[in-house]
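A.B. asks: If you read the sequences in order, they're chains A and B. Sequential numbering of the first sequence, starting at 365, is according to this note's numbering. Sequential numbering of the second sequence, starting at 4, is according to this note's numbering.
Simulated from the structure, these hints should not be mistaken for laboratory data. Please note that a few of the clues may not be correct.
What the hints assert, rightly or not - Below, in silico cross-link-like pairs of lysine to aspartate or glutamate (EDC-like), each with a Cα-Cα straight-line distance of 16 Å or less:
1. B:7 <-> A:412
2. B:7 <-> A:407
3. A:476 <-> A:548
4. A:535 <-> A:548
Every value quoted in this text rests on a predicted model; they were computed, and no experiment measured them.
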Amino acid sequence: MITVLANPHRFMAVSRWLAPALGLLAAGLIGAGLSLGLAVPPDYQQGETVRIMFVHVPAAWTAMLAYACLGGASFVSLVFRHAVADAAARAAAPLGAAFTAAALVTGSLWGKPMWGTWWAWGDSRLVSVLVLFLLFLGYIALRASIEDEAKAARAAEILALVGLVNLPIIKFSVDWWNTLHQGESIFRAGGPLIAPVYLWPLFLMGAGYSAAFGALWLTRTRAEVRARRAAGLALRAAH
Amino acid sequence: MAGKYAVFVAAAYGASFVAFAWMIIDTVLRARAAKRALERLEKGGRG
Numbered sequence: 365m366i367t368v369l370a371n372p373h374r375f376m377a378v379s380r381w382l383a384p385a386l387g388l389l390a391a392g393l394i395g396a397g398l399s400l401g402l403a404v405p406p407d408y409q410q411g412e413t414v415r416i417m418f419v420h421v422p423a424a425w426t427a428m429l430a431y432a433c434l435g436g437a438s439f440v441s442l443v444f445r446h447a448v449a450d451a452a453a454r455a456a457a458p459l460g461a462a463f464t465a466a467a468l469v470t471g472s473l474w475g476k477p478m479w480g481t482w483w484a485w486g487d488s489r490l491v492s493v494l495v496l497f498l499l500f501l502g503y504i505a506l507r508a509s510i511e512d513e514a515k516a517a518r519a520a521e522i523l524a525l526v527g528l529v530n531l532p533i534i535k536f537s538v539d540w541w542n543t544l545h546q547g548e549s550i551f552r553a554g555g556p557l558i559a560p561v562y563l564w565p566l567f568l569m570g571a572g573y574s575a576a577f578g579a580l581w582l583t584r585t586r587a588e589v590r591a592r593r594a595a596g597l598a599l600r601a602a603h
Numbered sequence: 004m005a006g007k008y009a010v011f012v013a014a015a016y017g018a019s020f021v022a023f024a025w026m027i028i029d030t031v032l033r034a035r036a037a038k039r040a041l042e043r044l045e046k047g048g049r050g
């Protein structure tokens with residue numbers, strides 16, 4: 365699959381139909397998730413605030429997915445020198461930053477009524493997600509600050525690969541340390557602890573957010589491939 | 004949706020909407036700009 369999509373022409377041909385297809389899928393899944401999520405009964409402990417889960421948790425999942433894609437694309441670009449992989453890594457970073465920002469803001473809006481605080485520096489889940497946000501910003505800043513495009517790409521790819529270590533820290537932070545966050549309650553041995561009435565809209569929204577990321581990522585990567593081709597043509601015309 | 008926490012729920016959905024709106028608008032603008040720039044250069048190269 366990586367080899368097939370490494371060819372820019374093949375990537376453009378596949379992503380031309382795949383991006384809108386994923387966009388339509390995302391709209392359907394998010395529409396269904398929202399209609400179910402807004403109709404579920406209030407939680408017996410959390411009341412109406414349980415509905416924040418349907419936008420907060422999918423945003424956090426997708427932020428981690430975006431970083432995994434950024435790290436994977438950076439690895440392929442660094443090792444195999446695939447131009448499309450570098451374009452894909454660059455395209456994933458702003459989307460990942462936006463999903464992480466959404467997770468942080470919605471989490472804060474959930475934390476205030478439930479925990480009595482907007483933020484807790486002692487909570488390892490909160491801090492590790494903030495580190496994820498800073499990694500996305502660091503990647504974007506590093507690429508923008510080095511003039512030589514190839515050097516900027518190499519430096520940013522190394523940062524992206526080092527930052528991959530943060531993903532298991534985010535995932536297991538609630539098991540390794542005492543935090544305000546509850547322990548793992550969805551993807552755990554023995555099954556989810558959340559009632560099915562809440563799980564369905566959560567999974568629909570999670571799938572919808574992932575599909576939306578896929579559609580936007582492919583579209584941005586296509587734009588990046590075109591921009592590089594245009595830069596190459598401009599350079600050739602100047603000589 | 005009523006209740007004393009409705010404002011937090013509404014703000015969370017609003018923030019998510021803003022994040023999606025930014026991602027979609029920025030992505031579409033970038034895609035259009037890149038497509039136009041490439042088409043202009045390709046036409047110039049042929050002409």
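A.B. asks: Each hint: holds or not?
C.D. replies: Hints, one by one, checked against the model:
| no. | hint | result |
| --- | --- | --- |
| 1 | B:7 <-> A:412 | 9 Å, holds |
| 2 | B:7 <-> A:407 | 14 Å, holds |
| 3 | A:476 <-> A:548 | 21 Å, violated |
| 4 | A:535 <-> A:548 | 9 Å, holds |
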